[in-house]
Amino acid sequence: MNLPGAQKGWSPDMLEFSLIAGILFGLFFALVGMGLNLVFGVMRIVNLAHGDFMMLGAFGAFWAYNLLGWNPLVTIPVQGLAFVLAGMALYYLLVPRLVALKDFEMISLVLFFGLSQTIEALAVLAFGNNPRSIFQPVFGQAPVHFLGRTFPVAWPVSAAVSLFFLILVYFYLYRTRAGYATRAVMASRDEASASGVNVDRISALTFGLGLLLASVAGMLSLFMLGSVSPDFGGNITITAFAVIVFGGLGDPVGTVLGGLLYGIGLMVMESYLSSWANILPYVLLLATLLVKPGGIMGKEVRHV
Amino acid sequence: MSSEAVLTARDLGISFGNLKAVDGISLDLKPGEIMGLVGPNGSGKTTLVNLVSGLYRPDRGEVRLGGRKVTGLAPHHLARLGLNRTFQVPKPFHTLTVRENVELAAFYTRQEPHTAEKALEFTELAPLADRLAGSLNVGQQKLLDLARALATGPRILLVDELGAGLGPMELDQVAAKLLELAGTGVALLVVEHLLAFLNQLTSRVLVMNAGTRIFEGKLAAAAEDPLVVEVFLGG
Amino acid sequence: MFRKPLDLGLVVLIPVLFALAPLAYNNQLLLFNAMVFLALAQGINIIYGFTGYLPFGYVGFFGAGAYGASLTVMFLHLPAPVAVLLGGLTALALGLVLSPLLRLSGVYFAIASLAASEAVYYVIANPGLVNITKGPYGVSLDRVYSPEFSYLVMAVIVGLVTAVVVYLKRSHLGLSLKAVRDDPLSSETAGIDVKRQRMLAWSWSALFAGLTGAVFAWQISVFYPGTVFDPSISIFAIVFTLFGGAGTVLGPILGTVVLYGVYNLIGITEPQYFQLIYGVLIMVLVLFLPEGIVSLLKRGGANVL
Chain A
1 MNLPGAQKGW SPDMLEFSLI AGILFGLFFA LVGMGLNLVF GVMRIVNLAH GDFMMLGAFG
61 AFWAYNLLGW NPLVTIPVQG LAFVLAGMAL YYLLVPRLVA LKDFEMISLV LFFGLSQTIE
121 ALAVLAFGNN PRSIFQPVFG QAPVHFLGRT FPVAWPVSAA VSLFFLILVY FYLYRTRAGY
181 ATRAVMASRD EASASGVNVD RISALTFGLG LLLASVAGML SLFMLGSVSP DFGGNITITA
241 FAVIVFGGLG DPVGTVLGGL LYGIGLMVME SYLSSWANIL PYVLLLATLL VKPGGIMGKE
301 VRHV
Chain B
1001 MSSEAVLTAR DLGISFGNLK AVDGISLDLK PGEIMGLVGP NGSGKTTLVN LVSGLYRPDR
1061 GEVRLGGRKV TGLAPHHLAR LGLNRTFQVP KPFHTLTVRE NVELAAFYTR QEPHTAEKAL
1121 EFTELAPLAD RLAGSLNVGQ QKLLDLARAL ATGPRILLVD ELGAGLGPME LDQVAAKLLE
1181 LAGTGVALLV VEHLLAFLNQ LTSRVLVMNA GTRIFEGKLA AAAEDPLVVE VFLGG
Chain C
2001 MFRKPLDLGL VVLIPVLFAL APLAYNNQLL LFNAMVFLAL AQGINIIYGF TGYLPFGYVG
2061 FFGAGAYGAS LTVMFLHLPA PVAVLLGGLT ALALGLVLSP LLRLSGVYFA IASLAASEAV
2121 YYVIANPGLV NITKGPYGVS LDRVYSPEFS YLVMAVIVGL VTAVVVYLKR SHLGLSLKAV
2181 RDDPLSSETA GIDVKRQRML AWSWSALFAG LTGAVFAWQI SVFYPGTVFD PSISIFAIVF
2241 TLFGGAGTVL GPILGTVVLY GVYNLIGITE PQYFQLIYGV LIMVLVLFLP EGIVSLLKRG
2301 GANVL
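Chains as they are written, first to last, in the numbering used here: chain A, 1 to 304; chain B, 1001 to 1235; chain C, 2001 to 2305.
The shape of chain A in the complex, shown without the other chains (with noise of 0.2 Å):
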C-alpha cells in the first residue's frame, strides 16, 4: 500500500501524524471489519467474499461516478439498498440450505470461497482486470490543515463516513427492536429461535446490512487505499478478518477498538518500518490466534 500523504524518514512529528492519520484509517478499517463481524456474529460463516462485495461497491461507486457523473456520497444510499437487498437474497439462497448440512462451518466457509473466486472472474469478464481508481478532489481540492501537519481532504471525508455508518450499525444494535433481535440471535441462535425471534428474517437482514457496510467500505477504498482491482477481494478479507478477530470475533464494539489501534499500528509502521507495513494483518491475525483466540475481548476459539 503506497500512502500519499505518508512521510518517510524519522521525526517526533512523524508521530503525531501517524496517530491522526492512524485514528482516520482505523474508522475506516472498523467499516470495513463490521460487515464480516455481523456476519459472522449472527450465522458463525466467514463471509470470505466479503472482500469481493467490497470490490463490487468500490466498482458500482466507480462507474455512477464515471457515468452517471455521480457523487460517490450519492452513490452510497442507492447503491446501499441494492447490496441489502441482494445480501437477503443471497442469505436466502444459500444459508438455510447450509446449515443443515453437519460440519456447516467448514462447508460454508468453501461455499463463499467458491463465492468469492466467481465474483472475482466475473468483474474481470465485465470490467477488465484493471486497478480503478476516482479522481481524488471529487471531495474538494484543498488539503486539510489539521495540528499543523497536511492531509488529503479523501481522509477526513472517509472517516466522516466511516463514522457515520458505525454510528448507525450502534443505533440499530442497541436503538431498534429488530437490532436488539439482531443481538438476541449473536448471543445464541437457539435461544432467540426459542423466544420467539425469527431467525431468518433477522439473518438475512443482518447479511444485507454487512454487504451494505462491505459497499460503503468498498467505496472508501477507492480513496483510502488509491485504487480497487477486481482481484482487491482476497487480501483485504483477511485484514478484515484480521481487525474482527483481534477485536473479538462476534463483538461488534471490539471491532471498532480493533480498527482504531489496527489503523494506528498500520500508520506507525507505514512512517518507520515502511517495507514491512504489508505484513502486519497476517502477523497480527496469526498472533492474536495463537496467543489470545479470544481477541483483546471476546471469547475462545480453540479446540482439543
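Check the hints yourself; a few may be wrong.
Result set (SDA-like, lysine to any residue): computed pairs, CA atoms no more than 25 Å apart in a straight line [to be verified]:
#  : chain 1 : residue 1 : chain 2 : residue 2
1  : A       : K292      : C       : S2099
2  : B       : K1091     : C       : L2102
3  : B       : K1177     : B       : D1130
4  : C       : K2169     : B       : T1097
5  : A       : K102      : B       : G1134
6  : A       : K102      : B       : N1137
7  : A       : K102      : B       : D1130
8  : B       : K1091     : C       : A2019
9  : C       : K2195     : C       : S2099
10 : A       : K292      : B       : L1055
11 : C       : K2195     : B       : H1077
12 : C       : K2195     : A       : V291
13 : C       : K2298     : A       : A100
14 : A       : K292      : B       : Y1056
15 : B       : K1118     : B       : D1172
16 : C       : K2169     : C       : V2016
17 : B       : K1118     : B       : S1135
18 : A       : K102      : C       : V2016
19 : C       : K2298     : A       : L290
20 : C       : K2169     : B       : T1095
21 : A       : K292      : C       : R2196
22 : A       : K292      : C       : V2016
23 : C       : K2195     : A       : L290
24 : B       : K1091     : B       : G1167
Short, incomplete list of chain A residues facing chain C, as computed with Cβ under 8 Å [as the list claims (entries may be wrong)]:
#  : residue
25 : I107
26 : L122
27 : L125
28 : F241
29 : I279
30 : V283
31 : L285
Just so you know, the hints here were simulated from the structure itself, not pulled from any lab data. The C-beta atom is built at its ideal place from N, Cα and C for all residues, glycine as well.
Got chain A; can you put chains B and C on it based on the hints?
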C-alpha cells in the same frame, strides 16, 4: 482377588473461574469393585470423571494407578495404562465402521487383535460390525462407546451415565453386562442418575454436591442421610 | 503395506506414465506442471482428506521449498538433488514452526494458514533481505538448469506422495486420522495420541509441498517470489482435490487430470473463464456433491481406493 486399590484419587480439585467444580474428592477402587457416583446435576460428577480420565488436569490432588502417579497424563496415555471411560453423550467415529471404531482402540492401546472382537461380542454389536457408526441409533452408539472402552483392555472403567436414554429392558441387560465385567476383575466407577439401576450393580456409593463429597457408604444408608435427602429432595 | 495389486500399480504406474509421456507428447512443461499439481493435490489430500484441516495457505510450503532449494544452490553450491531434499526439509521446518496452528479449529486454521503463507511471502520478498533472498528481484538457478533430470525427479515425487496416500488409506495411521477428525476426545480415549497423529499428517503434507516447490524451482530455474507464493497455486490444488474427492487416492488424480485438462484448454488464454468455472463448481460441489466425483463411482457400486 487382591485387596490393593487399583485406582486411588487423593484430594482432587479443579476450579473454573470462581466455581469450584470439584473440591477435594478422594476415592479408592479395588479390582472388581463397583462404586456408584451420584449427585444432582452440576454437582461435579462428570468433572470428576474428566479429572480422573485425564481430560482435565487437576489444580490440586493426585491420581494413582496401582501405586503409579498418573496425575495430568493425557487420556491416550492413561488408556494405554488400563484406565478408560465412556461418555455421557457418546461420539463414536461416525465415518468409520463399527469394527474399525473398536479395532483402532485395541490397536492404539497395544491389545491383541481379538480383544476388539471380544468387545464387539460382549456388547452384542458383532452383527452390526460392518455398519458405519454414524448410522447407529443412540442406544447402539452408547454400546459402541462401551465397546471402544473395553477394546483397550481396561483395569479401571469410568462409566458416565450409561443408563440415560435406555429402555427398561436395555437397562437390565447393561446392568448384567457391567456385573459380568466386574466379575472379571475390572474396577468400575459408575456415574448414574437412575438409582434403581445403580442398586442392581453395587451397594457402595459416593454422593457429591457442589463439588464436594457429602456421603460415602451404603446406598441404603444414603437414602436415610439427612444431608443427602436435603440435597436430592429439598434442593 | 500394499494389500492389493492396484495399490502398487498406481504407485508405480503413474510416475512411469509421466516419465514416458514426453515421448508421445511434446509439451513437457505442461506435463511437468500437471505432476506439480498432482503432487500438491495429494499433499492437500494428506492433511485435508484425512484430518479435515483445509490449508488455504498450502502454497507457503511450496514457496518455502522453492526458496530453500534455491538458496542451497546459490550459497552452498550443492548439487540440485541435494537442494531439492533441503527444500523439502525447509518446508518441513516451516511446518513445525506453524504447528501451533493445529490448535485452531477448522475455519480459523484455514484462514490462519493463508495468513501464514502471505507472511512468509512478504518476508522473502522484502527488499530489506535482498542479500539473502534477492528480495522481490527473484532468483536464478541457471547453473543447475536441467529440464529432463528435474522432470524425472518430479515423477519420482509423484510416485512417493501417491505411495503415502495409499499407505494412509490402508493403515491404522490413516484410520486414526479419520477418527481424530470425527472426534478428538473419543480418539484420545481410544489410546490415539491426537497431537502426534495430526503432526504426522501435517509434516508429510508440508514435506511434499516443499519437495514439489523445490523441483519446480529447479525446472523453471528463474522465478520471482510472487511466482512460487501465488495463492492461486493453493486454490488450484484445493479445487482439484475437492472436485475429485478428498480422502481417496483416486480423487485428487481424477480431479487434477480433468480440471488441469480443462485449464489447459481454456484457462491459459481465458483465465477468468476458468476461474468462473471452478468458482461455480466449488459452490455446486459443496452443496450437492461434497465428497467429489469419486462418490459418484461409489454410488455406482465401485470400490474406490
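The hints, checked one at a time:
1. For the proposed pair K292(A) and S2099(C), the alpha carbon gap of about 16 Å is at most 25 Å, so the pair holds.
2. A hinted pair counts as satisfied when its Cα atoms are at most 25 Å apart, and K1091(B) with L2102(C) qualifies at roughly 21 Å.
3. A C-alpha spacing of about 23 Å is found between K1177(B) and D1130(B), which places the hinted pair at or below 25 Å, so the restraint holds.
4. Restraint check: the Cα-Cα separation between K2169(C) and T1097(B) comes to about 14 Å, which is no more than 25 Å; the hinted pair holds.
5. Under the criterion of a C-alpha separation no larger than 25 Å, the hint pairing K102(A) with G1134(B) is consistent with the structure, at around 12 Å.
6. Distance restraint check for K102(A) and N1137(B): the Cα-Cα separation of roughly 17 Å lies within the 25 Å cut-off, and the hinted pair is therefore satisfied.
7. Among the hinted pairs, K102(A) with D1130(B) is consistent with the structure: their alpha-carbon atoms are about 22 Å apart, no more than 25 Å.
8. About 46 Å separates the Cα atoms of K1091(B) and A2019(C), which puts this hinted pair outside 25 Å; it is violated.
9. Simply put, K2195(C) and S2099(C) have alpha-carbon atoms about 10 Å apart, close enough for the 25 Å limit, and the pair holds.
10. About 22 Å separates the Cα atoms of K292(A) and L1055(B), which keeps this hinted pair within 25 Å; it holds.
11. Taking the CA atoms of K2195(C) and H1077(B), the gap is about 12 Å. The hint holds against a cut of 25 Å.
12. Distance hint between K2195(C) and V291(A) is fulfilled; the C-alpha atoms sit about 18 Å from each other, no more than 25 Å.
13. A distance of roughly 23 Å separates the Cα atoms of K2298(C) and A100(A); the hinted pair therefore holds under the 25 Å criterion.
14. With a C-alpha separation of about 20 Å, the suggested pairing of K292(A) with Y1056(B) holds against the 25 Å cut-off.
15. Between K1118(B) and D1172(B), the direct Cα distance comes to roughly 21 Å. Compliance with the 25 Å bound is thereby established for this hinted pair.
16. Among the hinted pairs, K2169(C) with V2016(C) is consistent with the structure: their alpha-carbon atoms are about 22 Å apart, no more than 25 Å.
17. For the hint linking K1118(B) to S1135(B), the alpha-carbon distance of about 22 Å falls within 25 Å, and the restraint holds.
18. Between K102(A) and V2016(C) the CA atoms are separated by roughly 40 Å; this puts the pair beyond 25 Å, and the hint is violated.
19. Taken as a hint, the K2298(C) and L290(A) pair is broken in the structure, with Cα atoms around 40 Å apart against an allowance of 25 Å.
20. In summary, the hint linking K2169(C) to T1095(B) is supported, as the alpha carbons are separated by about 13 Å, within the 25 Å threshold.
21. Of the pairs offered as hints, the one joining K292(A) and R2196(C) holds, with about 23 Å between alpha carbons and a cut-off of 25 Å not exceeded.
22. Under the criterion of a C-alpha separation no larger than 25 Å, the hint pairing K292(A) with V2016(C) is inconsistent with the structure, at around 49 Å.
23. Annotation: proposed proximity of K2195(C) to L290(A) holds, straight-line Cα distance about 16 Å (limit 25 Å).
24. Under the criterion of a C-alpha separation no larger than 25 Å, the hint pairing K1091(B) with G1167(B) is consistent with the structure, at around 20 Å.
25. At about 5 Å, the closest approach between the beta carbon of I107(A) and any beta carbon in chain C falls short of 8 Å, and the interface hint on this residue holds.
26. Using the Cβ-Cβ criterion of 8 Å, the hint placing L122(A) at the interface with chain C is satisfied: the shortest such distance is roughly 6 Å.
27. The beta carbon of L125(A) is positioned within 8 Å of a beta carbon in chain C (closest approach about 5 Å), and the interface hint is therefore held.
28. Interface restraint check for F241(A): the shortest CB-CB distance to chain C comes to about 6 Å, inside 8 Å, so the restraint holds.
29. Interface hint at I279(A): satisfied, since its Cβ lies 4 Å from the closest Cβ of chain C, which is below the 8 Å cut-off.
30. This hint holds: V283(A) has a C-beta 6 Å from the nearest C-beta of chain C, less than the 8 Å allowed.
31. For L285(A), the interface hint holds, since its Cβ comes within 8 Å of a Cβ in chain C; the closest pair sits about 4 Å apart.
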